[in-house]
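Novice: Using the sequences plus the hints, can you model the full thing?
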Amino acid sequence: MRPRTGARADEATRLDAVIFDLDGVLTDTAEFHERGWARLADEQGWHFDSALADELRGVSRMDSLERILAENGVTADVEQKREWADRKNRYYVDALDELSPADLLPGALELVLACKDEGLAVAIGSSSRNAPMVLDRLGITDQFAAVSDGNAVERAKPAPDLFLHAADQLGVAAERCVVVEDAASGVDAALAAGMVTVGVGPAERLGHAHHRFDTVAEIDLDRILDPEGAGS
809 MRPRTGARAD
819 EATRLDAVIF
829 DLDGVLTDTA
839 EFHERGWARL
849 ADEQGWHFDS
859 ALADELRGVS
869 RMDSLERILA
879 ENGVTADVEQ
889 KREWADRKNR
899 YYVDALDELS
909 PADLLPGALE
919 LVLACKDEGL
929 AVAIGSSSRN
939 APMVLDRLGI
949 TDQFAAVSDG
959 NAVERAKPAP
969 DLFLHAADQL
979 GVAAERCVVV
989 EDAASGVDAA
999 LAAGMVTVGV
1009 GPAERLGHAH
1019 HRFDTVAEID
1029 LDRILDPEGA
1039 GS
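Using the working numbering, read the sequence shown as starting at 809 and increasing by one per residue.
Some clues are possibly wrong.
[As the list claims (entries may be wrong)] Label-pair distances were calculated between CB atoms; the ranges are:
#1 A838 - E879: 17 to 25 Å
#2 A859 - V882: 16 to 24 Å
#3 D902 - Q852: 15 to 23 Å
#4 K889 - A910: 32 to 40 Å
#5 G927 - D894: 39 to 47 Å
#6 P1010 - V882: 24 to 32 Å
These aren't lab readings, by the way, just hints derived from the structure by calculation. The beta-carbon is built from N, C-alpha and C at its ideal position, and this holds for glycine as well.
Specialist: Laid out in structure tokens, this is it:
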């Protein structure tokens, strides 16, 4: 991450908080999710591949299941869907035993600390209902003033609810929040919330964000906080 060098924006355009997605931004448990879904699919005789797994980035557990079922032409009642989703979650939680602070993505903790040094409030905005557990395994729970996860709202991304809830917890107006995301649905949610968006990943997926960087380590906080740099 490049350090901040410029002055803060004026009062009219000041940004006061940064809301971080968790998976794919601070750590990468995508492999754990993919393994969980792949195991369930194998048990059920469903098609599931890496391309479908990539489509599930930032998507809630139940919505992910619905996409997998649609891909396979499978219908089921609510109770059966819940059993499948719960089974996948057990596989995922078991895999989290492997997670440790060493699994923080390069530059992730540095970026969080730089935001705090800049006087910005920081929060988590993650669709995962397991976000508190992941933060604990990574050893960074205490770095965040608020955690808005899949347990906090009814509508998942791309609805803006998750990020609006995080902003409300921080006591910061939506238009003064920055969201760092690696999923298209997450960027869509942040845009719907009226927030500044930072995409981490390829332009094909995140080209509609206000700012985009290939990796977390490349995020330039100076550019994001500079109102003249919007859309870079």
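Novice: When the hints from earlier in the document are held up against this structure, which numbers fail?
Specialist: none
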